[in-house]
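**Q** So the chains spell out like this:
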Amino acid sequence: MKKTLTVNLSGIVFNIDEDAYQLLDKYLSNLREHFKTEEGTDEIMDDFEARIAELLDERIRLGHNVISIEHVEEVINRMGKPEDLFDGEKTEKEDDETETTNQTKFVYKKKLMRDPDDKIIGGVASGIAAYMGWDTTAVRCAFILLLFIPYCPAVFIYILLWLLTPLARTAADKLRMKGESVTIENIGKTVTDNFEKVSNKVSDIKTKNTLHKIADLLVTVIGYILKFLAIIALIFGIPILAIFLLVMVVIALGIVLGGGGLIYNLLTPLGIGIFDNIHVLGEPGMLGMIGCVSLILLIGIPLFTLIYIICCSIFKLQPLSKTAKITLLVIWCIALLAGIYFLSQAGYEGWKNLPFPHYWYRQQIYY
Amino acid sequence: MNAENVKSQMRKGVLEYCILLILEKEPAYTSDIIQKLQEAKLIVVEGTLYPLLTRLKNSGLLSYQWIESTQGPPRKYYKLTQDGEAFLKELENSWQELNDTINHIKENF
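For the protein sequence lines, the chains are S and E, in the order given.
Using the working numbering, you'd call the opening residue of the first sequence number 1 and step up by one each time.
Using the working numbering, you'd call the opening residue of the second sequence number 1001 and step up by one each time.
These are calculated hints, taken from the structure and not from any lab test.
Careful: at least some of the hints might be erroneous.
[Said to hold, decoys possible] Each computed DSS-like pair below joins lysine-lysine, with the alpha-carbon atoms no more than 27 Å apart:
(1) S:26 to E:1076
(2) E:1041 to S:36
(3) E:1057 to E:1036
For clarity, every value in this text was computed on a predicted model and none was experimentally measured.
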């Protein structure tokens, strides 16, 4: 028994087996991927779809009620397997000028991505393994070992990678993840490989040796425990995070409303007032203000970016534009310089304002 | 140097010329074109033709017309435009030249 789907292909409705649908869908999306640089992609794809619809319709006329995977394979053979089509296209690419070849090389550069087909938590480890050509189980074990090293921000690194690396959704992405070039031939391989993997998932396990299997199992179990812990941490962490955010918002409002003065006054009892007698830009108390603002920016900008990225992946927001990123980076660098300036001045003043005169130190050294 | 590569480049080179020659006689549907090419022992799959035909159409050498079919949905019938005819003449000349070159070399050297 097989599940069937109803599809509309170029205006004709077909009942199609689920596996046949998957094969056809992959075939079409890979063709689209390949022709997307071409002028008139939609038209080419419409032609393909129309012809496929016509060929499948012939099968229906012959008395088949449902399109099966054999029918789709037959049609793909007739239309051309990705590798056959690639044969024709290759020369076209060679005719193109070197400029475009360089461009394609650049576009198809190896990229760190997360692997959705092989994941325990977020697919980060398998993505790294694919990128570096290592064994996935080994990378996972390494991550788990890192967890036991004190002061090692393994969890933080993992979450950061999870947020920053995209998921390899299409066949082309999966090739890019492994650093294989995205040619229609390779895409074809991925299509068929994936297909075989879906149908013979069991045989895949047999090829691994016992140690590997045990490690796999262990890693999976630890992965589930970590997932569970993460959920608990999230439940308890959300109120804390909310309070933290609230404080940040209050501070931000403080900057906006009081131009830093408010915070400066707030922080005066903490001892920043000792810099009152320093005149930076002719204003007393300016240095303390520079210190406050730069400190807030130094922490606030990375925090804001991180929160924004998290929101992006949760609420499907537009990622930050390049201009916004560069602006934030420039502001951050300025804040860093201001912070360094503040520290150097504050250190110097602190030295001068020691309860005992500094020449007293020297005397101690001399005598 | 890969023989397969050179052969596929040669095939590719004459493919456009062959398509234009087929369409010169009468408008044709993609599978007709394929069939004629196969009769002429030039093996290509249908998928190669769609991008090629669209490219030729976009550069104004071909135009198409939807014609109702008895066996299903309407089909795109391609035919040569005037530009296409002029282009075909040019290709014919250069094919003749190529042919002469090859024959000359074969006979004289």
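**Q** Regarding the pair residue 1057 of chain E and residue 1036 of chain E, is the alpha-carbon distance no greater than 27 Å?
**A** holds (20 Å)
**Q** Measure nothing beyond the straight line between the CA atoms of residue 26 of chain S and residue 1076 of chain E; if it is 27 Å or shorter, mark the hint as holding.
**A** holds (25 Å)
**Q** Tell me if the straight-line CA distance from residue 1041 of chain E to residue 36 of chain S falls inside 27 Å.
**A** violated (31 Å)
In summary, the one numbered hint that this structure violates is 2.
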